[in-house]
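Visitor: Sequence:
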Amino acid sequence: MAIYNLGSINADLLYSVPHLPRPGETLAATGFRRGLGGKGANMSVAAARGAAHVVHIGAVGPDGRWARDLLTEYGVDTRHISVVDDVTGHAIILLDPAGENTIVINPGANHAMTEDQIGLALSEASPGDILLMQNETTHQAFCAKTGSDLGLRVIYAAAPFDAEAVRALLPVMDMLVLNAVEADQLQQALGMAPDALGVSDVIVTLGADGCRWFHAETGQVRDFPALPVTPVDTTGAGDTFTGYLLAGLDRGQPMEQAIGLATKAAALMVTRIGTADVIPDLLEIQQMTQPR
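According to UniProt numbering, the residues represented by the sequence shown are 1 to 292, in order.
No lab work stands behind these hints, which were simulated from the structure alone.
No false leads were mixed into what you were given.
Below, a list of computed lysine to any residue pairs in the SDA-like style, where the Cα atoms sit at most 20 Å apart:
(1) K264 x F224
(2) K145 x L170
(3) K145 x A163
(4) K264 x V232
(5) K264 x D209
(6) K264 x G207
(7) K264 x P225
(8) K264 x T230
(9) K145 x D162
(10) K264 x Q253
(11) K264 x V278
(12) K145 x D174
(13) K145 x P171
(14) K264 x D277
(15) K264 x R212
(16) K145 x T114
(17) K264 x R251
(18) K145 x V172
(19) K264 x P228
(20) K264 x L282
(21) K264 x A180
(22) K145 x L197
(23) K145 x R167
(24) K145 x A125
(25) K145 x A165
(26) K264 x G210
(27) K145 x H111
(28) K264 x E284
(29) K264 x D223
(30) K145 x P127
Beta-carbon label-pair distances, calculated as ranges:
(31) A180 x S123: 33 to 39 Å
(32) L283 x E124: 25 to 31 Å
(33) P225 x H53: 27 to 33 Å
(34) L27 x D116: 43 to 49 Å
(35) K145 x P97: 43 to 49 Å
(36) G219 x D69: 42 to 48 Å
Where is the CB? At the ideal position from N, CA and C, for every residue including glycine.
The task is simple: from the sequences and hints, build the whole structure.
Guide: See below:
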């Protein structure tokens, strides 16, 4: 089994600031670091560190070969990451001492992929494989329809949120992952609650309150608590949750067990500063839960 991820690849430019700036305010940063990021890259790394075989479908510019090399180093299959004539996507992240952040994204090469590239990658997939997408790339509808026709399990992480992007994928979507704010926005836009979307599984992440699982087949709605930790950086926590959730499902875990694994991974992630580079591996999560 494998996870195919049509996903963004960014250079994360992280600035530590005394507080998030107000309109018109100029701040001096107290620290700076560059790391690998992008919701797609984060999820690929998380799933790979969760012991899944992950094939990333994406693009970088000539300035971003380092990002592709890092993904390879982190265990991701990068054969379908193209180098295109555009700048690599990047995100400017402002992080305050409480771990809250503000992010501005320039998509760059993430919007330069082609349907031919996507189709070539998916031609290698097998029925039952997972197809993951977020909203930082293009050609999502084509990718989802192609994946569905091939018998893949289509999963959409609805961020950055766009109600029309979700609406376009609903007919072929098997699972939807979104946070509480996005769930409210989607309900306002479509007039339907998560359990009325016609999607087999909907996961709503609730930050420090854990997550809620809506299972259409049984009508079950179940809450899962978060692990109590002291956060230092919430960047990438949701991506880590999603990547580990799918890694668990890819390995045949039932949903409850996969959510438990993902919850632990996200809890450990928020105790670290950074994104893809600091996503915990499976051994760290297992050691975290062992009795002392």
